[in-house]
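Asks: Spelled out, the chains give:
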Amino acid sequence: MLPKLFFGYFAVAITALSLLVVTRRNPVHSVMWMLLMFFNLASMYLFLNAEFIAAIQVIVYAGAILVLFLFVVLLLNLREELQTNRFIRAWPAGLVIALALLASIFFSISSFVPGISGRYTNDYVQKETFTKVLGQVLYTEYLFPFEIASVILLISIIGAIVLAKKRTRS
Amino acid sequence: MVPLNWYLMLSAVVFSIGVFGFLTRRNIIIMFMSLELMLNAVNISLVSFSHYLQDMRGVILVFFIVTVAAAEAAIGLAIIIALFRNKTTANVDEMNEMKG
Chain A
1 MLPKLFFGYF AVAITALSLL VVTRRNPVHS VMWMLLMFFN LASMYLFLNA EFIAAIQVIV
61 YAGAILVLFL FVVLLLNLRE ELQTNRFIRA WPAGLVIALA LLASIFFSIS SFVPGISGRY
121 TNDYVQKETF TKVLGQVLYT EYLFPFEIAS VILLISIIGA IVLAKKRTRS
Chain B
171 MVPLNWYLML SAVVFSIGVF GFLTRRNIII MFMSLELMLN AVNISLVSFS HYLQDMRGVI
231 LVFFIVTVAA AEAAIGLAII IALFRNKTTA NVDEMNEMKG
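First to last, the sequence lines map onto chains A and B.
Residue numbers for the first sequence follow the numbering used here, so the first one is 1 and each next one is one higher.
Residue numbers for the second sequence follow the numbering used here, so the first one is 171 and each next one is one higher.
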């Protein structure tokens with residue numbers, strides 16, 4: 001009973017906060033609601049025994065990505081945006097597309113059959129701690145994708161500097 | 171024990187909210203945030219799959235998604251700054267230099 005109660009809280013909070021993110025007129029308010037939603041999401045990951053993912057959700061998403069968003073919102077002067085319409089004129093069409101997607105996913109979930117369980121049972125993960133098990137799999141089986149991820153981050157650093165640099169006219 | 175299907179439904183709801191925001195908003199920053207919302211919806215389902223199927227691959231995929239989301243946020247926000255320097259607006263309907 002108690003786990004379902006917790007899940008109900010997280011489901012209601014995450015849904016309401018994501019609705020607030022997409023409907024606010026002021027982007028700063030959106031960023032703030034998104035921060036709250038990321039914290040709720042991190043606590044839901046704790047609820048799923050994924051404490052390392054909860055930590056990187058708070059550190060990377062809330063700490064790095066949202067601060068970047070906030071910097072850009074503050075850097076751009078969006079005064080005139082506050083007077084324009086919140087949604088496009090054809091917003092019911094967007095609503096219909098989103099609801100149709102939701103309905104099709106719901107109907108396909110009802111026929112979902114889970115596959116065979118892997119060897120990382122909850123008892124094993126709790127005994128070895130989640131972060132250690134994750135590291136063991138990541139640095140042996142998924143070492144090559146991990147190296148590629150570092151190259152992606154390097155390219156994004158270079159790309160961000162090149163794109164955001166002010167061009168000086170000579 | 172909460173059924174796995176509930177997590178998948180929550181993930182679907184958040185993903186649809188992200189799609190709705192991306193289709194109906196014209197402020198480029200909020201469209202970008204809807205994109206992040208969709209990535210997070212996928213993360214919910216991957217973490218719950220990993221927990222219920224007792225496998226580590228879902229969590230590793232989440233790790234890579236977070237990496238790519240960080241890279242994408244850095245590049246995307248740099249593009250937004252470059253656009254804003256040229257047009258002084260965050261409305262994507264007014265960015266129509268590349269048509270015809």
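These are calculated hints, taken from the structure and not from any lab test.
C-beta atoms are modelled at their ideal positions from N, C-alpha and C, and glycine is treated no differently.
Please note that a few of the clues may not be correct.
[To be verified] Within a straight-line C-alpha distance of at most 30 angstroms, the following computed BS3-like cross-link-like pairs (lysine-lysine) qualify:
#: 1; chain 1: B; residue 1: 269; chain 2: A; residue 2: 132
#: 2; chain 1: A; residue 1: 4; chain 2: B; residue 2: 269
#: 3; chain 1: A; residue 1: 132; chain 2: A; residue 2: 4
#: 4; chain 1: A; residue 1: 166; chain 2: A; residue 2: 4
#: 5; chain 1: B; residue 1: 269; chain 2: A; residue 2: 166
[Claimed, not checked] Here's a subset of chain B near chain A, in silico, CB distances under 7 angstroms, partners left out:
#: 6; residue: 173
#: 7; residue: 183
#: 8; residue: 184
#: 9; residue: 226
#: 10; residue: 232
#: 11; residue: 236
#: 12; residue: 256
#: 13; residue: 266
Asks: If a hint holds in the structure, say so; if it doesn't, say that too.
Replies: Going down the list of hints, with the structure as the test:
{"no.": "1", "hint": "B:269 x A:132", "verdict": "violated (52 angstroms)"}
{"no.": "2", "hint": "A:4 x B:269", "verdict": "violated (52 angstroms)"}
{"no.": "3", "hint": "A:132 x A:4", "verdict": "holds (29 angstroms)"}
{"no.": "4", "hint": "A:166 x A:4", "verdict": "violated (53 angstroms)"}
{"no.": "5", "hint": "B:269 x A:166", "verdict": "holds (25 angstroms)"}
{"no.": "6", "hint": "173", "verdict": "violated (9 angstroms)"}
{"no.": "7", "hint": "183", "verdict": "holds (6 angstroms)"}
{"no.": "8", "hint": "184", "verdict": "holds (5 angstroms)"}
{"no.": "9", "hint": "226", "verdict": "holds (4 angstroms)"}
{"no.": "10", "hint": "232", "verdict": "holds (6 angstroms)"}
{"no.": "11", "hint": "236", "verdict": "holds (5 angstroms)"}
{"no.": "12", "hint": "256", "verdict": "violated (11 angstroms)"}
{"no.": "13", "hint": "266", "verdict": "violated (15 angstroms)"}
Hint compliance for this structure: hints 1, 2, 4, 6, 12, 13 are not met, and every other hint is.
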